[in-house]
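J.: Listed here are the chains, written in short residue letters.
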Amino acid sequence: MTVDWVAKLRNLLQTLAFCLAVATLQYGFVPERPYAPPVVYSILIGTITWAVIDIGRVFLRSARETGWPAGWRGIALVATGIATGWLVGTTTADLVCRTFQLYGPWGRMHSGADLRADILITLIAGSIGSYWFYARNKSEYLARRMREAEGHANDARLKLLETQLEPHMMFNTLANLRALIGVDPVRAQQMLDHMIAYLRATLDASRAASHPLRVEFERLHDYLELMAIRMGPRLAYTLELPDDLAELPVPALLLQPLVENSIKHGLEPKVEGGRIEVRARREAGSVVIEVRDSGVGANGQGSGGQGFGLVQIRERLAALHGARASLDFSADTGGAQARIALPLAA
Amino acid sequence: MKPTALIAEDEPLLAQALRAELAAAWPELEVAAIVGDGAAAVRGALAHRPDVLFFDIRMPGLGGLEAAAELADAWPQETAFPALVFVTAYDQYALQAFEAQAVDYVLKPVQPARLRKTVDKLRAALAARQPQGGAALEATLGQLRHLLQAGGPAAAPQPLLKVIQAGVGTTIRMVPIEDVVYFEAADKYVRVVTDDGEVLVRTPLKELLPQLDAQLFWQVHRGTVVRSTAIESVQRDEAGKLHLVLRARRERIAVSRLYAHLFRAM
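Sequence lines, in order, name chains V and W. Every number in this note's numbering is 74 more than the matching position in the first sequence, counting from 1. Every number in this note's numbering is 5 more than the matching position in the second sequence, counting from 1.
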């Protein structure tokens, strides 16, 4: 356990300032009495209360949200702190005031009403102080959580862009384009069009939350056409989308990582290349989209469905449809299959 | 005699483009063969014995670096080893290593001006070449060794394996690491060979290697890692190749030229 002593010191100083304010307020109500005793009492009670609570919570298991012990333990700690502060604080303060003769020429004047008032002040000040520290910890925690969440979202977006605009893919594609311009300008133009559509879709993906399945398949077609030019006879592909599913809204670029995985981990490492098949169909109230390849399978990659792309798809599906959507992934020596099921009525 | 070249590139359009650019930059160069993967590159180079090799770094199966190492191992001693040029679209780590080892490379898309520089260097190298390529081969092997080691970002040091856990049917066999004589990559498995038997594990050799004590376990071939204390002697055959004789096992283990430097008398 590491204790942030700087933070503790800051808490102590704040407690002292608060105590001074309480003592001054008290003095303001009875200005005919000396100022010193309420200051000594207030500071001693406050410091001891602070010590018991703030140091004490180091030894108790604290809730992550607030840094305070949860439930009755927290309340018990505060009560113990205030009681100890009161008992030890008043005794010590009385001793100090007597020793240094701070009570003034008439000695200590303390009626029953004074005692009740002191207890009340200690209780109220102790509770307010504790609550203030508690609330501040909690709001700091929430602010930290928000920053973390923002960081995660940025990381994810950046990682997605990095995988899709991977420099190796970009430069190889450009090299192919450069080669085609010389030998087949018409095909070069087609390739450039596919590339433009692919880039636009990738860069827009963070803005468009969803688009029709037809558009999703068009983007897959752009990507696969680019890869087919690059890989030549090593890549064959089929895209099958029934007309009645064409307008179904799906999260933008949901399938893209699956097809990219099939290329990258399935077909690119395979000397003879292979096929990719993407099919959508209805199945008992849901839409099933399958991406199959005849690549080398998961072997060697060993990601076993834990890769960034799959995790990301699962997260997006869960956020949109909860348990009603699913992604299953399996791979063996014959290739890899990914199967997404989405509820038809979104 | 006209100089010859072999191009190994898995993307057909890029292979054709490189051939076309080479025809412009080096008209007398004859492209003997174009192949699309690393294994074919090794076979093709052995068959044609070209003067220059253009190897793409990323190819299916064997990559360009591994193919070059394999080729150096199988290369006949009486012929000079070809000049090597690597081709890549983008490989940060590899490029740094190439610079450090003074190994030539060209970036895709190939820029004519850059290619001409490479061609000039190659012409000078071919003119200065000795017919007997022993020293040149040694130098190439040294470079390849460094390049293969520098093949990626430095991996974090991993805790050493104490025991190999191998699934055999429904049980898991526990093999203490000091009982292992050698590891051998076999298709989709790694054979873990002990004095009196063997088990198979699925973890690739590449992933096992950083978890082994490098003092004790020596890589002697692309697919073989041997416990040094299990080796009884090292023998050289007529072709100059090294073979390991083991203490407890009868089979001999071939040492790749890439790792022959490990075995020298003290």
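Simulated from the structure, these hints should not be mistaken for lab results. Mixed in with the good hints, there may be bad ones.
[Stated by the list, open to error] The calculated SDA-like cross-link candidates involving lysine to any residue, where the alpha carbons are at most 25 angstroms apart (straight line), are: (1) V:K338 <-> W:Y98; (2) W:K122 <-> W:A132; (3) V:K233 <-> V:A153; (4) V:K338 <-> W:A132; (5) V:K344 <-> W:A144; (6) W:K122 <-> V:R252; (7) V:K344 <-> W:A219; (8) W:K122 <-> W:A144; (9) V:K344 <-> V:E240; (10) W:K193 <-> V:G348; (11) W:K122 <-> V:G348; (12) W:K193 <-> W:A219; (13) V:K233 <-> V:L90; (14) V:K233 <-> W:A132.
None of the values given here were measured: they were computed from a predicted structure.
J.: Would you mind marking each hint as holding or not holding in the structure?
T.: The hints, checked one at a time:
no., hint, result
1, V:K338 <-> W:Y98, "holds (19 angstroms)"
2, W:K122 <-> W:A132, "holds (16 angstroms)"
3, V:K233 <-> V:A153, "violated (50 angstroms)"
4, V:K338 <-> W:A132, "violated (41 angstroms)"
5, V:K344 <-> W:A144, "violated (32 angstroms)"
6, W:K122 <-> V:R252, "holds (20 angstroms)"
7, V:K344 <-> W:A219, "violated (31 angstroms)"
8, W:K122 <-> W:A144, "holds (22 angstroms)"
9, V:K344 <-> V:E240, "holds (20 angstroms)"
10, W:K193 <-> V:G348, "holds (19 angstroms)"
11, W:K122 <-> V:G348, "violated (38 angstroms)"
12, W:K193 <-> W:A219, "holds (24 angstroms)"
13, V:K233 <-> V:L90, "violated (49 angstroms)"
14, V:K233 <-> W:A132, "violated (49 angstroms)"
Consistency with the previously given hints fails for numbers 3, 4, 5, 7, 11, 13 and 14, ordered from lowest to highest.
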